[in-house]
Structure formats: C-alpha cells, structure tokens
Amino acid sequence: MASDTIAQGAAEEAKVGMPQLDFATFPNQIFWLVLALIVLYFIVAKVILPRIGGVLEERHAMISDYLAQASDFKKQAEEAEAEYETALKQARGEAQEIAAKTKAEIQKELDKAVAKADAEIAAKTAESEQAIAVIRESAAENVREVATATAGEVVMALMPSVSDDAAVKKAVTARMKG
Amino acid sequence: MAENAVEEAVAGGAKLNVYPMKQFEVTPLFGEGPIHWYTPTNVTLWLGIAIVAIVLLMVLTTRKRAVVPGRGQSIAEVLYSFVRSMVVDITGEAGLKYFPYIMTLFLLILFTNVLSILPYSYTVMSQIAVTGALALAVFISVTVIGFVKNGPGFLKIFWISEAPMALRPVLAIVELISYFVRPVSHSIRLAGNMMAGHAVIKVFAGFAAVLAAYTPLGLGLLAPIGGIMAVIGLEMLVVVIQAYVFTILTCVYLNDALHPGH
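Protein sequences appear in the order of chains A and B.
Going by numbering that gives the first Met the number 0, the first sequence opens with residue 0, and the numbers climb by one from there.
Going by numbering that gives the first Met the number 0, the second sequence opens with residue 0, and the numbers climb by one from there.
Chain B with its partners taken away, still in its complex shape (with noise of 0.2 Å):
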C-alpha cells in the first residue's frame, strides 16, 4: 500500500511537478490577495534589487573618481564606454542627446536579466507588459522625435528613393507595415528569448527528479544536471546579448528618426 503511493507519487511527480512556467507568475510581495497597480510584487522586488546592484557598481565604485581605476570602475568605465560608442557610431553625435536614456535602459535590461540566472530570482523581462511597455515607449518617442526633427520629412522612410517607381508604393506599405511591427518584436524577441531559457532550466530540473527516482542510487539526475549547468552557461551569454540587443534596436530606431533619409 505504501509502496504504491510513493509509485503513485513518483508517476504523478513525473507529469507533474514539472511548471516550467510558474516562474513567471506575478505575486504580491506581502500575503495574498488580488494585485492592484500600486501592489508590490516579486516584479517591484527584483526591479528595486537590480537599481541596487547598478547604483553599487555604477555609483559606489566610482566614488572616488579615480584617474587610475579600480576593478569596479573599469567595469562601470567599460559599460559606458560601449554604450556610448554604440549610441555614436549608429545614430552619430546627434543621438548623444538620448544617451542617458538609452544608458538607463540598457543598465535596466541587463542587470535585470543577468540577476534572473539567480537561483529563486525573477525573470523580470521575461514579462510581456515589462518589454511591450519599454518597446512601445521606444516606439512612440521615436516616432514623435523623427516628426518633431523632420516634420513630414520623416514619412520619406516610408518612400524608398533608390527603389523603381513603380515599386515605391508597394514598397511604402511593406515599410509601414514593419515600422508598425516593430514594438511587438522589439518586445517579443527579448521577453521570448527570457522565457525560453528560463523555462527549459525548469524543465530540465522536473526531468532529474524523476530520473532519480528511477534510477539506481539515484544517478539518473546528473544528466538534466549537466544539461541545466549547459542551459544555464548558455543563458549568461543569452541575458547579455538580448540586452545588447534591445539597446541596439533602439539605437537603429532612432537613427531612423534623426536621420530619415535612406
């Protein structure tokens, strides 16, 4: 009888202890209850801890100033450095005036992401309304820019000059139409690359508690072990890249908007 619960629970743990995408639930921080939009939550928590983490690499370690820096400085050097060379060799000395809000969102987008790989952390931009909010906001301050610089100017990126005539009006709906999709794969392509990962490392996870259960001495679980070792070293080059990204896109962006013409 008992034999056959622990089976019972062992099959059933089998199919079931597996939610790869529980993770991803938005929970308040304090109890129970219902989510108002003033509600904290594991989303305002793990935002809060990654604005920490910047303020302690980004402002602590360059207290000093330091002519000849220490190591946290020349990480916090380096992070402004690419981002600045980033935003100048893409949109040229005009976008230097988004810099800072380019910076902010890169540092936003990294750290979040490089403290999701933390056991029992939260992916924060795995979250749709997170990325959807940052690639709209993009969207919109991009177009509102390129009509303020340009006037209707700006509508000749829909107009391709070098095109044949007769193709330029084909041309401006396929240009419209993938102006208009930006937002949704700037926001899906990093919220979906997070998720993925994220989700395969609790896969794998489910997988080796039920190899060690049916495998002698339990040996079974170092192969999903070795896999989410693997998924993981994978994912610190993944949270980086689409961060990087991200940050590139809307460089591209809003070189479009300064500098309309093809």
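If we strip away everything but chain A, and leave its shape as in the complex, we get (with noise of 0.2 Å):
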C-alpha cells in the first residue's frame, strides 16, 4: 500500500518537473490569457477609466468651484464686517446723544417740580401766617376785653362811685398799645 503510494508521487514527481514549460498547454494558455484581456480591455477603457476620469474631473472642478465660491464668501464677510462695526458706532453715538437728551429732560422736570413745590411751599407758609395773624388779632381783642371788664370790676369794687366804663376803655387801650 505504502510502496504504491511512494511509486505513484514518483511517477508524478517525474511528470511534473517544470509544468510551465510544458509546451502542449501554451496555445490553451495563450488562448485564455487573449480572451482576459480582450475582455478586460473593453471594460477598462468603456467603463472603468471614463468613469473613474470623470469623477476625478468633476471633484476638480467643484474644489476650484468651491474654493471660488470661498473666497468670495469671505469678502461678503469682511464687507459686512466693515458695515456692522459702522452701524456700531453710530448706535453708539446715537445712544449716547439719547442719553444726553433724556437727562437734559429729566432735569428740567426735576427743575420745574422743584419750583412748584417751593411755590406750594410758600403759598402755605403765607396762608398759615395768615391764619396766625387772624387767631393773634382775635387774641388780643380777647385780652382787652377781659382786662376792660376785670378793670370795670377792680374799679366798681374799689370806687363805685367814680365807675365809668368809658374812661376804664380808654386805659386799657392805652396801657396795652404800651
């Protein structure tokens, strides 16, 4: 069994040698290796290299596209960037004159308030001075007439005799002028 097996890898051994050199297999080999690349000739040249030289091109094109479209998108940035730091500064100056007009305004309100309440202030300092003057007179015509009266009484009391109203009157007023 072991011997037939070790005579046929002889035998096989002997064929083989170099099968490339096996001439009877070229024309077959040949004829296969035409037809490959006959085939894959036709691929290569209808679909694979238009295809793949296409993509290649249109990819190109968009980059340089792109980077047109790029750039001119930066300048429309600077330029808005130019224009937003304008309207910044006229805002800016804008709000402050704002600012100066409102407290302008303000201080003339507070101005003209203040006025009228030193005017209110005084209208009721005059008014109460007034009433205080009124309540004073009102007073002193009070005191006359109880010092007439307590001076008719003292008078009576002391000299009926020489009682005489008017002259008491008299010396009341007098004393109290004094």
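Hints listed in this document are in silico derivations from the structure and should not be mistaken for laboratory results.
Each hint should be verified, as a subset may be incorrect.
The list that follows gives simulated cross-link-like pairs (lysine-lysine, DSS-like), each with its CA atoms no further than 25 Å apart [stated by the list, open to error]:
1. B/K155 x B/K96
2. A/K88 x A/K74
3. A/K73 x A/K88
4. A/K45 x B/K96
5. B/K63 x A/K45
6. A/K115 x A/K102
Everything numeric in this text was worked out from a predicted model, so none of it was measured.
Once you've looked at the hints, go ahead and assemble the two chains, each given alone in its own frame, into the complex.
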C-alpha cells in the first residue's frame, strides 16, 4: 500500500518537473490570456477609465468652484464686518445723544417740579402766617375785653362812685398799646 | 509490521510528499483528458476570477460616481491615479493614448498575483506562456509604435550620440542585443518571482508534515508554519511589486518608442 503511494508519487514527480515548460499547454494558456485581455481591455477602456476619470474631473471642478465661492464669501464677510462696525459706531453715538437728551429733559422736569413745590410751600406758609395773625388779633381782642371787664369790676369794687366804663376802656387800650 | 509501514510512509513522505512544482500544472477544469487550445483550465478559471474581482472593485464600487468617495471607490481612484501618473511621469502626455492598455495590464497582473496568495488558488503569472505572451505583445507593439511614430528615426535608440564615435558601433550592437532581450527579461522576471515564492511556501509545507511526524507532539511543525507565514507576508509585497515592475517597464519601453532620442 505504502510502496504504491511512493511509486505513484515518484511517477508524479517525474511527470511534474517544471509544468511551465510543458509546451502542449501553451496554445491553451495564450488563447485564454488573449480572451481575458480583450474582455478586460473593453471593461477598462469603456467603463472604468471614463467613469473614474469623470469623477476625478468633476471633483476637481467642484473643488475649484468651492474655492472661488469661499473667497467670495470671505469678501462678503469682510464687507459685512465693516458695515457692522460702522453701524455699531453710529448706534453708540446715537445712544450717547439720546442719553444726554433724556438727562437734560429729566433735569428740566425736575427743576420745574422743584419750583412748583417751592411755590406751593411759599403759598402754604403765607396762608399759615395769615391764619396765625388772625388768631393773634382775636386773642388780643379777647385780652382787651377781659382786661376792660376786669378793670371795670376792680374800679367798681374799690370806688363805686367813680365808675366810668368809657374811661376804663380808654385806659386799658392805652395800656395795651404801651 | 504496522509500525514499519508507518515509518516507511513517513520516510517516504519526507522525501516524496513535497511537490513544489505540482501547483503550477495546467489542468482541465472538467474531467481528464488532453488540453486543447479551447479547453477551460485552471488558468481560465483564475483569469476569470481576476476579471470578476476587478469588476467588483473598479466598476461596482464606482457605480454611484460619488464626489465624496466611499472606501471601495477610494481604492479604485488610487489605482487609477497611480497608473495614470506613472504613465504621464515616464512617457509624458503622449503616452496617455496607451493608458487603457497599460491599466489593463496592471490590473490583470495585480489581481491574478494577489489572488494567487489565497490557499488552493492558481498562480497565473507563474506561467512563462502567459508572461511571455504579455511581454511579447508589449515588445511587438512598442516596436511598431516606434517605427510608425518616428519612421527610421526610431533606430536612433541604438545609436548613442553622446558616446565617442569609435565606441558607437560597439554600443549599437550591445543596445541591439539588449533590445531583443527585453521581452525575455520582462517575462521571466515576473514568472520567476511568482514561481519562486509559491514554490518555497510548498517546500515549507512539506517540511511541516515531516517535522510533525518526527518531533514530540508534532510541535516541530510550528517552525515551518512560521516560515510559511513569513514567506506569505513577503509574497504580498512581491506580488504587488512585480505587477508594478512589469507595468513601469512597459511604460519605459513605450517611452523609448515615443521619444527615441536618448
């Protein structure tokens, strides 16, 4: 059994040698190679190369388009930035102006209110002074009446014979003035 | 008796189980019998598989024509740009007319070579018949293009005008010989490289069987298997480089035909 295998192996080895040099197979290999080359050539030339070449070209065009667009956008952005800064400066100036104006208006109103309050205070003071004067007047009158009555009574009690109301009144008035 | 038989078998195996060249045999795909020129063989099968693989990688992945490529399309584009820049760098814009054929050559050699690393696959480019036909096709077409484009001026590639006058006839003979040796070196370089690496892998595989039988627990087979792995790693490099070398030499020869002045 084993020797059979060995013999077979030896035979095969003898047969094998270098199979590449078995010229009987050359026409077959060359035929299939040429067929494969023709098929592959058409696939490469008609499908693969136009397709990949087209994709690469398209990408190239697209990238240069995008680059141009990007530089456009950059310019636009720069312009917008400049505009924004101008607007900002303007707005700041306006804001300062409005603030100053508002401040002035408030000051004016404040002044007006203060003046009005002062006038009201002055009016109230005058009124009060008047009332106080009236009160004081009536108080002095009352004092004179009481003094005249009291003096008349005192004179009556001391010297009933000389009782003279007019004289007493005169005397009291003179005294009060003094 | 039984032990004896086993020993004999092992000894026989050590000597006879290594057939590094058997993998290169051309065999019919269906049944036995003689190989006619039209018989489908393992060469046919692996050329076909290579073409299917090329269609899968280069056509199917690019069918969306995506501007932002996916992984498959990126690979296809890299292969395209690689070969195209090789053609333009070596032959100039004039060579772009022949770009489809050079791309065809490169893809066919690259894919059959890479597929040949697979276990149980067939190494199409180890066949002298195949590489010889490819190299002869390049040689003949380059010579025809040279004469069509330049007329008799193509012969200037043999007449080196920079050399001293006395040396020119001698150099012309050397150049003439080297010109006709081109297809030989062109084809044998590719076939030889492909054959050697794959044969070495088979030899190591034979060692593995023998060492497994002669060492305790069969641990001895680890060394040849490590060797096989190392050689396969090397082969991955070699198969790509050989495809590249064949293609770049085609470009160099084409450049001679397009611009014969040295």
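How the hints compare with the structure:
no. : hint            : verdict
1   : B/K155 x B/K96  : holds, 23 Å
2   : A/K88 x A/K74   : holds, 21 Å
3   : A/K73 x A/K88   : holds, 23 Å
4   : A/K45 x B/K96   : holds, 14 Å
5   : B/K63 x A/K45   : holds, 16 Å
6   : A/K115 x A/K102 : holds, 20 Å
Of the numbered hints given earlier, the model fails none.
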